[in-house]
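Next come the chains, spelled out residue by residue.
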Amino acid sequence: NAGVMQNPRHLVRRRGQEARLRCSPMKGHSHVYWYRQLPEEGLKFMVYLQKENIIDESGMPKERFSAEFPKEGPSILRIQQVVRGDSAAYFCASSPLNRPADTQYFGPGTRLTVL
Amino acid sequence: AQSVTQLDSHVSVSEGTPVLLRCNYSSSYSPSLFWYVQHPNKGLQLLLKYTSAATLVKGINGFEAEFKKSETSFHLTKPSAHMSDAAEYFCVVSDRNTGNQFYFGTGTSLTVIP
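Residue numbers (our numbering), protein chains in the order written: chain A, 1 to 115; chain B, 1 to 114.
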């Protein structure tokens with residue numbers, strides 16, 4: 001059973017470009033979470049999605065950031081017009097059930113560098 | 001509101017000696033608590049979790065943690081450190097009844113000295 005997959009593992013963008021980060025949850029998992037880890041800090045919650053639904057986006061910046069989890073295919077975290085402050089590691093996690101505080105299984109992360 | 005405080009940002013121990021990584025939490029509700037480990041440039045691996053059963057929780061690689069409600073603590077311990085334990089450790093709290101968000105501490109970097 002493959003774990004949570006994220007790609008790319010490393011992404012370099014220039015200021016003003018768009019970044020697209022992909023996450024495929026573990027098989028059988030229908031709940032996806034995105035977190036951001038800034039240097040020397042812990043992970044901060046961004047958004048929680050189920051298939052075709054955003055359940056909680058209270059941690060998402062109001063502008064430039066969006067997320068989706070379509071019926072088919074991976075979850076996408078999209079950052080438009082990236083700035084240097086967006087440089088961070090972005091982690092995706094998944095869980096199997098609609099059960100609060102269930103264990104979340106994390107992917108290896110995408111490390112975004114904005115030049 | 002929920003939050004986690006990891007009291008030490010860096011801990012150094014000699015190989016073969018005990019490990020103690022401290023974590024205090026704040027939660028308005030019944031908490032679930034987790035410890036995750038992150039090796040350099042890798043993802044996070046679950047070490048152990050506490051939901052509502054036994055207060056002493058055993059995890060992988062010889063780690064364990066004890067939930068102490070009176071002290072709002074969930075410290076991580078291991079009797080004997082191994083070189084492969086060198087990594088970043090995160091304490092995490094979530095609301096057991098309603099929470100889907102995980103709240104992470106700022107992490108403790110463990111160094112194991114040969």
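A hint or two may mislead.
Unchecked claim - What follows is a set of in silico ranges between Cβ atoms, one per label pair, in the way DEER data are often shown: (1) A:Met5 with B:Thr55: 34 to 44 angstroms; (2) B:Thr5 with A:Arg9: 43 to 53 angstroms; (3) B:His10 with A:Arg111: 38 to 48 angstroms; (4) B:Ser12 with A:Glu41: 18 to 28 angstroms; (5) B:Ser80 with A:Lys62: 41 to 51 angstroms; (6) A:Leu115 with B:Glu64: 24 to 34 angstroms; (7) A:Asp56 with B:Thr72: 36 to 46 angstroms; (8) A:Val83 with B:Pro40: 20 to 30 angstroms; (9) B:Leu46 with A:Arg9: 35 to 45 angstroms; (10) A:Arg14 with B:Thr55: 48 to 58 angstroms; (11) A:Glu41 with B:Tyr29: 21 to 31 angstroms.
Said to hold, decoys possible - List time: in silico DSS-like cross-link candidates among lysine-lysine, alpha-carbon distance up to 27 angstroms: (12) B:Lys49 with A:Lys44; (13) A:Lys44 with B:Lys68; (14) B:Lys68 with B:Lys58; (15) A:Lys27 with B:Lys49; (16) B:Lys58 with A:Lys51.
Worth flagging that the hints you see were computed from the coordinates, not collected in a lab.
Beta carbons: idealized from backbone N, C-alpha and C, even for Gly.
A quick look at each hint next to the structure:
no., hint, in the structure
1, A:Met5 with B:Thr55: 34 to 44 angstroms, "35 angstroms, holds"
2, B:Thr5 with A:Arg9: 43 to 53 angstroms, "31 angstroms, violated"
3, B:His10 with A:Arg111: 38 to 48 angstroms, "22 angstroms, violated"
4, B:Ser12 with A:Glu41: 18 to 28 angstroms, "21 angstroms, holds"
5, B:Ser80 with A:Lys62: 41 to 51 angstroms, "49 angstroms, holds"
6, A:Leu115 with B:Glu64: 24 to 34 angstroms, "44 angstroms, violated"
7, A:Asp56 with B:Thr72: 36 to 46 angstroms, "25 angstroms, violated"
8, A:Val83 with B:Pro40: 20 to 30 angstroms, "26 angstroms, holds"
9, B:Leu46 with A:Arg9: 35 to 45 angstroms, "21 angstroms, violated"
10, A:Arg14 with B:Thr55: 48 to 58 angstroms, "51 angstroms, holds"
11, A:Glu41 with B:Tyr29: 21 to 31 angstroms, "25 angstroms, holds"
12, B:Lys49 with A:Lys44, "19 angstroms, holds"
13, A:Lys44 with B:Lys68, "25 angstroms, holds"
14, B:Lys68 with B:Lys58, "15 angstroms, holds"
15, A:Lys27 with B:Lys49, "22 angstroms, holds"
16, B:Lys58 with A:Lys51, "34 angstroms, violated"
Figure legend: structure checked against the earlier numbered hints; hints not met, in rising order: 2, 3, 6, 7, 9 and 16.
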